[in-house]
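Assemble the whole structure, with the sequences as input and the hints as a guide.
From first to last, the protein sequence lines stand for chains A and B.
Numbering of the first sequence is given in the UniProt record's numbering, commencing with residue 1 and proceeding in unit increments.
Numbering of the second sequence is given in the UniProt record's numbering, commencing with residue 1 and proceeding in unit increments.
One-sided and incomplete, this derived list gives chain A residues near chain B with beta-carbon spacing under 10 angstroms:
hint, residue
1, V11
2, A33
3, E37
4, L38
5, A53
6, P74
7, P75
8, S90
9, L96
10, N97
11, Y123
12, G125
13, P126
14, G128
15, H131
16, R164
Rough simulated footprint, nothing fancy, chain B against chain A, three-plus residues with beta-carbon under 8 angstroms:
hint, segment
17, 23 to 32
18, 42 to 49
19, 55 to 64
20, 134 to 147
21, 151 to 158
What the hints contain is simulated information worked out from the structure, not anything from laboratory work.
Yeah, the Cβ is synthetic: ideal placement off N, Cα and C, and Gly gets one too.
There are 2 protein chains.
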Amino acid sequence: MTGAWAAMQRVFEERERQEIDEGRVARLAELAARVRELSELVILSQADEMEIAAVTREIELLTARLAAAGRGIPPSAEVGDGGVVRQLGSPVTGLLNTLAPPIEIRIGDDGTARSEFTLGLLYEGPPGFVHGGVSAMILDHLSGCAASANGTPGMTAGLDLRYRRPTPLGVPLSAEAKAVRVDGRKTFVDSRIIGPDGRATAEATAVFIMPTR
Amino acid sequence: MTGAWAAMQRVFEERERQEIDEGRVARLAELAARVRELSELVILSQADEMEIAAVTREIELLTARLAAAGRGIPPSAEVGDGGVVRQLGSPVTGLLNTLAPPIEIRIGDDGTARSEFTLGLLYEGPPGFVHGGVSAMILDHLSGCAASANGTPGMTAGLDLRYRRPTPLGVPLSAEAKAVRVDGRKTFVDSRIIGPDGRATAEATAVFIMPTR
Numbered sequence: 001m002t003g004a005w006a007a008m009q010r011v012f013e014e015r016e017r018q019e020i021d022e023g024r025v026a027r028l029a030e031l032a033a034r035v036r037e038l039s040e041l042v043i044l045s046q047a048d049e050m051e052i053a054a055v056t057r058e059i060e061l062l063t064a065r066l067a068a069a070g071r072g073i074p075p076s077a078e079v080g081d082g083g084v085v086r087q088l089g090s091p092v093t094g095l096l097n098t099l100a101p102p103i104e105i106r107i108g109d110d111g112t113a114r115s116e117f118t119l120g121l122l123y124e125g126p127p128g129f130v131h132g133g134v135s136a137m138i139l140d141h142l143s144g145c146a147a148s149a150n151g152t153p154g155m156t157a158g159l160d161l162r163y164r165r166p167t168p169l170g171v172p173l174s175a176e177a178k179a180v181r182v183d184g185r186k187t188f189v190d191s192r193i194i195g196p197d198g199r200a201t202a203e204a205t206a207v208f209i210m211p212t213r
Numbered sequence: 001m002t003g004a005w006a007a008m009q010r011v012f013e014e015r016e017r018q019e020i021d022e023g024r025v026a027r028l029a030e031l032a033a034r035v036r037e038l039s040e041l042v043i044l045s046q047a048d049e050m051e052i053a054a055v056t057r058e059i060e061l062l063t064a065r066l067a068a069a070g071r072g073i074p075p076s077a078e079v080g081d082g083g084v085v086r087q088l089g090s091p092v093t094g095l096l097n098t099l100a101p102p103i104e105i106r107i108g109d110d111g112t113a114r115s116e117f118t119l120g121l122l123y124e125g126p127p128g129f130v131h132g133g134v135s136a137m138i139l140d141h142l143s144g145c146a147a148s149a150n151g152t153p154g155m156t157a158g159l160d161l162r163y164r165r166p167t168p169l170g171v172p173l174s175a176e177a178k179a180v181r182v183d184g185r186k187t188f189v190d191s192r193i194i195g196p197d198g199r200a201t202a203e204a205t206a207v208f209i210m211p212t213r
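Structure follows, in structure tokens:
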């Protein structure tokens, strides 16, 4: 585990040494946002087979155009508000990852990691509600940010989730996470997703273990 | 909770009553697959600002074409191998959801839900490894399938995850889940993700509660 951790840190550092062209990143973030809109239509569109096939060919051509310019390594972290390192390719927070909602995380003065977001059709589990696994993914990520904000980052060792009630789709949600206890190399983080009525829909306790150096 | 469950069941049934045109679904699945490839390039492409902007405009036009044909409701479940109901728009298994890897789930004779899959760059957490939240999402979903296969479906009440070691990106992984105990309205499901070396990278215990009728 220690070796894997050290190797990951080296790759993170290499990615962070990349020059980031903010103009290009803004354009790519815009492209990712438009691909998310396209993705909803892939589920809902009533287009006929011929039209779908035509759109598919166009997508292949656009992919080829993007590929023709060459492939880099995933864009390095940028430091956001409150000193949070943001991976641009992250499946949870990454502006350039079309899978990511993406959620934006801020760290409060008391070390609480917070985010507000609305999840649409692409994140649906039961009809009209957020997939429980998506809630798990967001709380996992937010908890990691809280452990880092606490100065005790580490590998996730455990995540214990309690689902209190369904999390509604398409309405403003918030989530928060805070390190509540450090015991040797272990950091415990409590987190929750909060619905529009102010009640927690899902709660979690995460445990992070700091690797030995 | 009971009211929400009943409402979800009604929507599922409405979606299942939709006529499914298998030819169209196959075309849409192909389109979703091509959008996943495009998505990787949004993270990696070295294209310049002008080229990115041009591709973005083309994506907008394609979205408009798909929208012009009208929007339906998310395509109904199709029954897969082993009687597993497959939501075509699911963020985990949905062939039409560009977020989904997608994973295909089979139910064995002993009721074990199994899947084999490879996760690429879009699912990255630590460099070279799967995001812990993605592992959580897959185990959450697979556990739900195992509870259903056991004849005791329900709302997820809890998911207790233990991360044993990092899960590698870009190599064949497998996952399995099985209902191990039913206690009144509660069903307990054990699950794990298994790396190429045969060792579990993440394990979970999920609890599902059957709503009262």
